[in-house]
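For chain A, the structure is supplied; the task is to place chain B on it using the hints.
These protein sequences, in sequence, are chains A and B.
One gets this note's numbering by counting positions in the first sequence from 1 and adding 700 to each.
One gets this note's numbering by counting positions in the second sequence from 1 and adding 58 to each.
Calculated from the structure, these hints are not laboratory results.
There could be a bad hint or two in this list.
Claimed, not checked - The calculated DMTMM-like cross-link candidates involving lysine to aspartate or glutamate, where the alpha carbons are at most 20 Å apart (straight line), are:
1. Lys881/A / Glu755/A
2. Lys93/B / Glu755/A
3. Lys133/B / Asp91/B
4. Lys133/B / Asp990/A
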Amino acid sequence: MRLNDEERAMLAGEQGEPRRWAISHQVGVGEFFDAADLVPVSQAHIMADTESLGEAGIGFLETLSGAPEAQRRVRVPTLTDPRGLDFSVYKRLGQSEAMAVLEARAIAALKAFGVLMTDTCINYQTIMPAVRGDHVAYGDTGVVIYSNSVFGARSNFEGGPSALAAGLTGRTPRYGYHLDKRRRATRRFRLGTGPRDLSEWGALGGIVGRACGSYWEVPLIEGIETVPGSDVLKHFGAALASYGSVALFHMPGITAEAATADAAIEATHIGRAEIDAFVAAYAQPGDKVDVVVFAAPQLSLVEMQEVADALGGRQVHPQTTLLVATSPEIKHAADRMGLTARMEAAGAVVAAGICFYQSYAGELAAANGWRRLLTNSAKLVNIIGGYGYKPSLASLERCIEAAVAGKMV
Amino acid sequence: MPILLHCHPGVGPEVTGEALVARDNFSARYDLDRKAGIFSRPSHALAGHSYNGRILVLDQAKGGVATAWMLHEMKARNIVPLALIFNRVNPILAQGAAFGNVTMVDRFDGDVTALFRTGDRLRIDPAAGTVEILNRDSA
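The shape of chain A in the complex, shown without the other chains (with noise of 0.2 Å):
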């Protein structure tokens, strides 16, 4: 990899212990994918809960952070993903004890490195959406998936230890999605039908997903009739990069780049019959609800008031859980308009700052008993199973009545 002589003082190690550690990654990174040199990135987003960092994470983090101010500050601005724990519900949600004190290890380690602590995987939504031509780092792959797609930001996903390398280097490496030459549409998709709310607009995400299956397809999708709002591309976004490991999509005329489809590209026709399909086979034997759960991503403001206006007043089934996971921008906001405690009335859990799966979702589980899990995260029943769970997709609105009644209705 060429470097310049700044980045080449920084592996020597002439500005400290974490900027050599964070261009030798970068480096070791960059050579595995061929790229010719480093980009310097606006803002770095680092996935760093406490579950995936385990003790030897932490302890890595704490090592590091434990350099002298000038050579630990990042030096673009660095926002973190939802975290393993909010410290005002954890206690309801039966965490541990143990699980509290790693995080606030984690949180003193990553302030120590300037970190702003967002806690949120839709900071595209609330806190500073990239422009397009924007080279980032994020991480967390619903947000880079969005970024890259609605628009026209390049990143790629940026792993915890990456994206952190990233702020302390102002920079990553050029590979992947900072090129244009992977950025053209490699496979194209005519959708036959409109998906109905939030839930099936994840299903799209993951039927199209699965289609790809690669981090280096890019999807373009035809036939969408109506623009798409924020919440949907949210939620379509994530799950194509759940189920497909996918970062970037086009749609003509609604997202930032391919305002046509290469014609040389045969198309895929996604319809009413593969929705509903890929919806049903997440149907599960028995009718009682454990755990209804809106997260994955985290809840928009507008989301939030959608929940609380389906409860309309009426109380959680008391063996069921109903769990709503938001940004603590958003959760701020929400107090103060009244939405949390319309929602906290009715016996639901909110909280902020964690996203639910990387929160012990496993943990979780043991400690209250879930088993049946019900959302309309398509993501979320794509990586939940693996915790245990046996989840289900249905509408907002059908959720919340499963929460109500304690059982699917």
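Below, chain B alone, put in the same frame as chain A:
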């Protein structure tokens, strides 16, 4: 002569060990019980199999950025695959293997899930970009 296969230069140290092969994908967060060291996602082709100390040979890396931290954490507890071989990885796995110093290679001529068989004894040299199948003869 053992069979010698070439790939793109990878990351991590040179290792020798036994292959566990499946035509499926990989995510450390969603497919594994990392405490027990087994594949836990019921729909995974290797569900119930132990991965500890094995060379995993799988098709692709799936979504989920957590794997970038998790290989490092798994290695610290010593319940970790010896190495990873894929047809094509995503950045997360490359970053995670580089961070955790876990051996990983990809980009072969041909499908790795057909080139390698469960039980094969493999020597991986990531710097050179080569994998030898020690128990099979090239002749």
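How the hints compare with the structure:
1. Lys881/A / Glu755/A: Not OK: Lys881/A and Glu755/A at ~40 Å, beyond 20 Å, violated.
2. Lys93/B / Glu755/A: Holds: Lys93/B and Glu755/A sit about 13 Å apart, inside 20 Å.
3. Lys133/B / Asp91/B: Judged against 20 Å, a Cα distance of about 14 Å means the pair holds.
4. Lys133/B / Asp990/A: violated (35 Å)
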